[in-house]
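Okay, here's what each chain looks like letter by letter:
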Amino acid sequence: MARVVLDRVTKKFGEVAAVNDVSLTVFDREFLVLVGPSGCGKSTILRLVAGLEDVSSGEIRVGDGLVNDVAPKDRDIAMVFQNYALYPHMSVFDNLAFSLKLRRVPKQQIRQRVQQTAATLGLEGLLERKPKQLSGGQRQRVALGRAIVREPQVFLMDEPLSNLDAQLRVQTRAELIKLHRRLEATVIYVTHDQVEAMTMGSRIAVMRDGVLQQMDTPTGLYDRPANMFVAGFIGSPSMNFLSGRLERHNGSLQVTAGDLVLDLPPERAAGADSANTQEVVVGVRPEDVQPAASLVPNGHRPINASVDVVEHMGNEKFVYLSLANASLVARIDVSCPASAGENLPVVVDAGKIHLFHPATEEAIF
Amino acid sequence: MAAIELRRAAAVPVAPRLERRLGRLPLHLVIVVICALWLLPSVGLLVSSFRPPQLVATTGWWTAFHPPFEFTLQNYRQVLSTYNMGTSFVNSLLIAVPATVIPLLIAAYAAYAFAWMRFPGRQGLFLVVVGLLVVPLQTTFIPVLHLFVQLGLAGTFLGIWLAHTGYGLPLAIYLLRNFIGELPKDMFESALIDGAGHWTMFFRLVLPTSVAALASLAIFQFLWVWNDLLVALIYLGGQPSVAPVTVTISNLTNSLGQGWQLLTAAAFISMALPLAVFFGLQRYFASGLLAGSVKG
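Sequence lines, in order, name chains W and R. Read left to right, the first sequence gives residues 244 to 608 (my numbering). Read left to right, the second sequence gives residues 80 to 375 (my numbering).
Derived from the structure by calculation, the hints contain no laboratory data. Glycine included, C-beta positions come from ideal geometry on N, C-alpha and C. Be careful, since some hints might not be right.
What the hints assert, rightly or not - Here are the simulated BS3-like cross-link-like pairs (lysine-lysine), alpha carbons at most 30 Å apart as the crow flies:
1) Lys316(W) with Lys344(W)
2) Lys375(W) with Lys344(W)
3) Lys316(W) with Lys264(R)
4) Lys264(R) with Lys595(W)
5) Lys375(W) with Lys316(W)
6) Lys316(W) with Lys421(W)
7) Lys316(W) with Lys350(W)
8) Lys264(R) with Lys375(W)
9) Lys560(W) with Lys264(R)
10) Lys595(W) with Lys560(W)
11) Lys375(W) with Lys350(W)
12) Lys421(W) with Lys344(W)
13) Lys344(W) with Lys264(R)
14) Lys350(W) with Lys264(R)
15) Lys255(W) with Lys316(W)
16) Lys375(W) with Lys421(W)
17) Lys373(W) with Lys350(W)
18) Lys373(W) with Lys421(W)
What the hints assert, rightly or not - Partial selection, computed: residues in chain R whose CB lies under 10 Å from chain W:
19) Gly203
20) Phe205
21) Pro263
22) Ser269
23) Ala270
24) Arg283
25) Pro287
26) Val290
As the list claims (entries may be wrong) - Computed Cβ-Cβ distance ranges for the label pairs, DEER-style:
27) Glu605(W) with Phe282(R): 51 to 57 Å
28) Ile110(R) with His555(W): 57 to 63 Å
29) Gly368(W) with Arg96(R): 52 to 58 Å
30) Asp264(W) with Leu226(R): 36 to 42 Å
31) Pro95(R) with Gln410(W): 36 to 42 Å
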């Protein structure tokens, strides 16, 4: 197993930089998820690591070696494609054995490794079948098996679950996590689904327009987003953004956004002071907006909101609220009464809000 | 598939099924009539070729179905032994098989290169190949024959193989490039990572997945070469030792203008093989060989 290092990697297609000066390190045996909206360059990074594209500038290292000019087959990586990319005319056995045959692995050993892989993935009974005789989930497992059988240093996975239906996707997600633990492999996994990213990644790298926005653990990203893009992308429903002002009031720092007036706790006020701006964007996670009745006031001033829409999720509710000149989403307990058209006084937990610079969109804290 | 169709049919109640059958009856009748009209000359030819000369000369072929049933293999025996049809048949095979295999192989290589290899001038070169499609082959006869005479290729099998290869390549490359270009890109990239080079990809992935396209092209090219008279006459001349069936039959029509029974037998000999080829390969038209490679 090995670590993967990207050092100032740029990839241009014509004038467009699909990947722009990205540096990141994937540690040995880590499960790194690259996430971002479509066209953000995450798949391009994967293809650069695989060697399917050449870098325009920068260095890529797999293990200890520079691989910029190494052919894909010699990089000791395996890739799982979104569309499976099975060889349609070969049986499952031959699909799994193909790479080993090309590497002139002895026949006996091929048989053994294919059977071992098939057993790992529950494909034993399907070895003689052709891909077209398999279900989507089975094809997916064959694609995975084709990667595993090689015992590569690094696995690259390009949205491998996106073609599965929702139920199967959740199930396969769990299987992949288990598999990663068992194989102790380095995995780079690309997805546009932030839920997949949050549940699977040891660390997550968030991409936008070819630029790496932030790389951290799932909790790190959620609790300390580096900018508004990351804050809005991670978490569902998304973080609420309100434009507000910082004001000093009776010695303490207050942030005002329409009706919402929050006293910043002293430990956060220092950070806000250093930002050197009065205009800010206030970020509030939906779970930090709660009905006034359910939260000990503790200095929070309730604000009046009217309920627009209530979405019942079973164990919780998403409530879409209108304030005087803004709107908020709140994630509240299912037992809290709230119905469309009613007024609902809410409080916002000032200790958990995020502030962003309105021009740079960078986090102040 | 057939089983599913059957089950579905069985599930439909009898009355609507009957209704549907009756509703389609006019359509089926029209199709049967068209097929019959289309087949009639060939059937007449086949029947005549098995009738004795005096009957062919005096009665129509449809009377063969009245008693007394008089059929004979004599026409075939005669045509094959005395009129050079046997040799010609072998010649036709010697011409048509290489003249099908050679262009197809070259076209498949070229199509793969045009579709999946990156090299400078790829688009321009492909445009030139496509442009060759519009060149009428008649314009090439004099310069090519001139060249063949200088090279000693006129009147040889090698010469006509090369000629047919040249005439067949543009269309074959064009069609195959489109087909091979449509193969899923992921499959090639996956193979690249698995360790396959161009050689392996061509023989292990492209050829097996392109069987349908190759087979249909093979049928076209084979039929075209087998039925060709003009190119054979130009480059092989009229020597009986190398003449294919088309040349021999056209000679027979001159010398045996009244011997219908022999001409029909000869004609049917020339038709038998293309028919066999067509029915032998037609299953490749229908088979969906790509199913299951990628999601879709």
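*Any of the earlier hints contradicted here, and which numbers?*
Hints 4, 9, 19, 20, 29 and 30 contradicted; others consistent.
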